[in-house]
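Q: Each chain, letter by letter, is given below.
There are 2 protein chains.
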Amino acid sequence: MQKAAVTDYPVHDLIRNRWSPRAFSDKTVEPAVLASLFEAARWAASSYNDQPWSYLVATKDDAENCRKMLSVLVEFNAKWAKNAPVLAISVARRNFSHNGTPNPVAVHDVGAANAQLTAEATSRGLLVHQMAGFYHDKARKEFGIPEGWDPVSAIAIGYPGDPQTLPEDFRKSELAPRTRKPIREFVMTGSWGHTAPFASK
Amino acid sequence: MQKAAVTDYPVHDLIRNRWSPRAFSDKTVEPAVLASLFEAARWAASSYNDQPWSYLVATKDDAENCRKMLSVLVEFNAKWAKNAPVLAISVARRNFSHNGTPNPVAVHDVGAANAQLTAEATSRGLLVHQMAGFYHDKARKEFGIPEGWDPVSAIAIGYPGDPQTLPEDFRKSELAPRTRKPIREFVMTGSWGHTAPFASK
Chain X
52 MQKAAVTDYP VHDLIRNRWS PRAFSDKTVE PAVLASLFEA ARWAASSYND
102 QPWSYLVATK DDAENCRKML SVLVEFNAKW AKNAPVLAIS VARRNFSHNG
152 TPNPVAVHDV GAANAQLTAE ATSRGLLVHQ MAGFYHDKAR KEFGIPEGWD
202 PVSAIAIGYP GDPQTLPEDF RKSELAPRTR KPIREFVMTG SWGHTAPFAS
252 K
Chain P
52 MQKAAVTDYP VHDLIRNRWS PRAFSDKTVE PAVLASLFEA ARWAASSYND
102 QPWSYLVATK DDAENCRKML SVLVEFNAKW AKNAPVLAIS VARRNFSHNG
152 TPNPVAVHDV GAANAQLTAE ATSRGLLVHQ MAGFYHDKAR KEFGIPEGWD
202 PVSAIAIGYP GDPQTLPEDF RKSELAPRTR KPIREFVMTG SWGHTAPFAS
252 K
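Taken in order, these protein sequences are the chains called X and P. Residue numbers for the first sequence follow my numbering, beginning at 52 and rising by one. Residue numbers for the second sequence follow my numbering, beginning at 52 and rising by one.
This is chain X alone, in the form it adopts within the complex (with noise of 0.2 Å):
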């Protein structure tokens, strides 16, 4: 299924096709396109070259670990993530490589990379949900992430499924419009409230 975003100003198919199903293909996700989802999460930008982010996959050929990923998610999220042919969780590293000290803009940065492979996941007509979802503490025991390392989002990556196949309530928040506030409500101008003029359509 497609559900491309309806807006007020032109935006690239990149961005307008981008949205975050819960229905999933069972087809799957080969690995030489899955080595581009991570090498364009790879050259997202960040601060001072830190490059703070790391990833634990799970893919549908790989039952153990997949079981695994799935214990990590709160269940409502399990209950639909389970179909999906790819589950990973990002990682933000703390403290900056260079000195040590903490690294302010380290989630930012992880959100920016995630942001990155979603896109190149949508250009190859993939699709991404991520999850804030899932138990930190848990995931971080059952795959041994380090301290210094924080667990920040769960991924659920894969082609479009059929929202036919869904439970009642998550069929329902499938097919219901995509939904954001303007830009006029949050582009401001000068001082806070102030909304930029090239914003105010």
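These are computed hints drawn from the structure, not numbers from a lab. A few of these clues could be false.
Unchecked claim - Covered stretches of chain X, as calculated for chain P (at least 3 residues, CB under 8 Å):
(1) 81 to 89
(2) 241 to 247
Said to hold, decoys possible - One side only, chain X facing chain P, incomplete, derived with CB under 7 Å:
(3) V62
(4) A96
(5) Q102
(6) S174
(7) V203
(8) R231
(9) F237
(10) A250
Stated by the list, open to error - Subject to a maximum C-alpha distance of 20 Å in a straight line, what follows is the list of computed SDA-like cross-link-like pairs (lysine to any residue):
(11) K192(X) with R145(X)
(12) K119(X) with P248(P)
(13) K189(P) with T240(X)
(14) K111(P) with P248(X)
(15) K130(X) with S76(X)
(16) K232(P) with H63(P)
(17) K232(X) with H63(P)
(18) K111(P) with W243(X)
(19) K54(X) with Y210(X)
(20) K111(X) with S242(P)
(21) K232(P) with N146(X)
(22) K133(P) with P211(P)
(23) K78(X) with R175(X)
(24) K189(X) with G241(P)
(25) K192(P) with K78(X)
(26) K252(P) with V84(X)
No residue lacks a Cβ here, since even glycine has one placed at the ideal position from N, Cα and C.
We have chain X already, so just place chain P on it with the hints.
A: Using the frame of chain X, we list chain P on its own:
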């Protein structure tokens, strides 16, 4: 100047061509183009669709506002960012709007919105250079950023300029090759430290 990433695995041109320059042309960014950049940020994914991002933006034609923006940057950044035709600050809302509890991925989601803004910019021949180096308290004061919102990154936006116009030290890094650690160093499976097979090239 273009500076496409030399990648180990193929990625989309919007990913490959994104980089963070310090030389900007003095060409104006049209209001309609700016609107599309923030429209791209608008459609980023966010936890609970909370959209925890806001932006303060200054364009070159608004001298007073640009002066304020530059005064907020650390001097190292102000030195080159003064030539960018557009400067902005991204801001994250600390708590969810639906229930007021802390949003643990607010800064992550602002990172994703900034990355989508950057992808849209790249698609239009623009370049974006984000900075962590600015005075947060001063930004809060100068722009009236309210309690509950935190400045995250400063952002320079514009068309590519001529590296020869930069001071010596900046020119060197402008012309230096782009580097990243390979994905085999940060894409793991099963447990921490085990490279995922698809990433092992």
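Q: Are any of the numbered hints broken by this structure? If so, which, sorted upward?
A: 17, 25
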